[in-house]
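Those protein sequences? They're chains A and B, same order as listed.
Numbering follows this note's numbering, in which position 234 of the first sequence is assigned residue number 234; successive positions increment by one, without gaps.
Heads up, this note's numbering is the position in the second sequence plus 287, with the first residue counted as 1.
The reader is advised that the hints may include incorrect statements.
Stated by the list, open to error - SDA-like mimics (lysine to any residue), calculated; alpha carbons at most 25 Å apart, straight line:
hint, chain 1, residue 1, chain 2, residue 2
1, B, K497, B, A542
2, B, K307, A, D227
3, A, K243, B, Q399
4, A, K20, B, T512
5, B, K530, A, D77
6, B, K530, A, N126
7, B, K530, A, S118
8, B, K307, A, R122
9, B, K530, A, R122
10, A, K20, B, D514
Think of the hints as simulated: they come from the structure by calculation, not from any bench.
Protein chains: 2
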Amino acid sequence: MRDFSGDHRWLSLNTATVRKQGDFIAIAQACAKHGIRAVSPWRDQVAAVGLDNAVKAVRDNDLELSGYCRGGMFVGDASRHAEIRDDNRRCVDEAVALGAPCVVLVVGGLPQYSRPGSAPSRNIVNARAQVDDGISEMLEYARQASMPLAIEPLHPAYAADRACVNTTEQALDICDRLDPNRTGMLGVALDVYHIWWDPELMSQIARTGKDRMMAFHVCDWLVPTTDILNDRGMMGDGVIDIKAIRAAVEAQGFAGYSEIEIFSHGWWDRSMDDVLGVCVARHMTAV
Amino acid sequence: MRDFSGDHRWLSLNTATVRKQGDFIAIAQACAKHGIRAVSPWRDQVAAVGLDNAVKAVRDNDLELSGYCRGGMFVGDASRHAEIRDDNRRCVDEAVALGAPCVVLVVGGLPQYSRPGSAPSRNIVNARAQVDDGISEMLEYARQASMPLAIEPLHPAYAADRACVNTTEQALDICDRLDPNRTGMLGVALDVYHIWWDPELMSQIARTGKDRMMAFHVCDWLVPTTDILNDRGMMGDGVIDIKAIRAAVEAQGFAGYSEIEIFSHGWWDRSMDDVLGVCVARHMTAV
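For reference, chain A alone in the conformation it holds in the complex (with noise of 0.2 Å):
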């Protein structure tokens, strides 16, 4: 397990932890003047600055990307499948050219969660089909631009409205199904966050593999959560034992970033200087 503890180079910070206090130009800039030295965009963020600028940023800073957030919501009515998938293609096209490693994917939830306006729908099961469905045609085009696509699974809080993957199990079947040979084109995204309670935890870690250990993200749970989606805690303020989870996702070899990635009104309250600070002190000795 590599120490942590004497600076911060395997830091990146998700985007996300401060979009209330700039825009990804802003951010790009703050995590230089941090010595941050990588990035997890979130596609509106991108969308809001302009590819081409989010792209010179990057640059710019000398940044590198962890991932790139967000493709998925696969679920929805047939009649917005082309919506769905050229939306996901465009996922790509954007990954490419900002370099980063992997599109995470967050699948989507029952239909009219996961694209507003579909028929709702009370069936998980049909929902678990089309990711299956919707990851496997995404698949086809990440292949041919070489971009790896990470599905995340997310907390079952989530199940309805945002992910109906919610395990690293489930996650992992997906990968065996859709991408038996290990091709390296298709893994997971891990969050500390969506999978600290699960009693499969550390054996579905094991089973992972370094091949398919796309991206690993931090932040903590609190108790109590005020707020099912936007009261995400920094590292150690909550009850994640992060450093064993972080011991036993690289025992299969990942050495990437340690993602911050953090919902939370409390912190974007605070100016960004005050959050890179703290980021950078919780992952010198709680990451």
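The hints should help you fit chain B onto chain A, whose structure is shown.
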């Protein structure tokens, strides 16, 4: 699958659903008035009126019990062991006095939340080991009292503070370890709110068997959920395919009550008659 559309004979009321509207005596009387034949009381509601008075209210109103809530909270400092053991023994004694068919176990999360005052820990693996030990010890006492124990897996959102048993598979694995001969003294209480999201839902229900299917609870998952503990929905108002889950549970031979258990500020703010009237109506249409 039983037809619930014509009457509500298989409706049981978990008394937490109307805990703000009256004491256990008042709830028992209201149930009788609404033709509700069974209840599942909480220990604090029984204690508030006194066990003898609660027993009398059950008899006077010709009620059955579908369970007794709750034993458990097995995780805590070693110095708390006798307290935890004795607390759970009293719970068994109360369940016997009330004529409950089982004690529902909410097993506890991390020690600082399960038994406040215990030393803080992030070690959920250790918490789970304590749960095994605690159930094992309680089971000896419960056997002598012929009082079955029903492990309730809780939604992963409660893994830290309420229960570190978070899937049906995990609960059934405990049953296999502690009661391999399937004596009928250890099983599970399945609540649709906690398990609906599980990719292994149907396979684990199929694994359960009639002898371990001790209780079935219903409510609904709302989108958005505005309070992680107290925003459960009335059946039909959310995204859970309750009928599909009940069909699977009954395919195992379960023929007991569907117990309505709703923690919700919204429903606590309405009158007892109003809530029970809606429960009866939704039991016939949405369960």
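Next item on the list: Hint by hint, work out which the structure violates, then give me just those numbers in ascending order.
Entry: The structure conflicts with hint 8 only, although it agrees with all the remaining ones.
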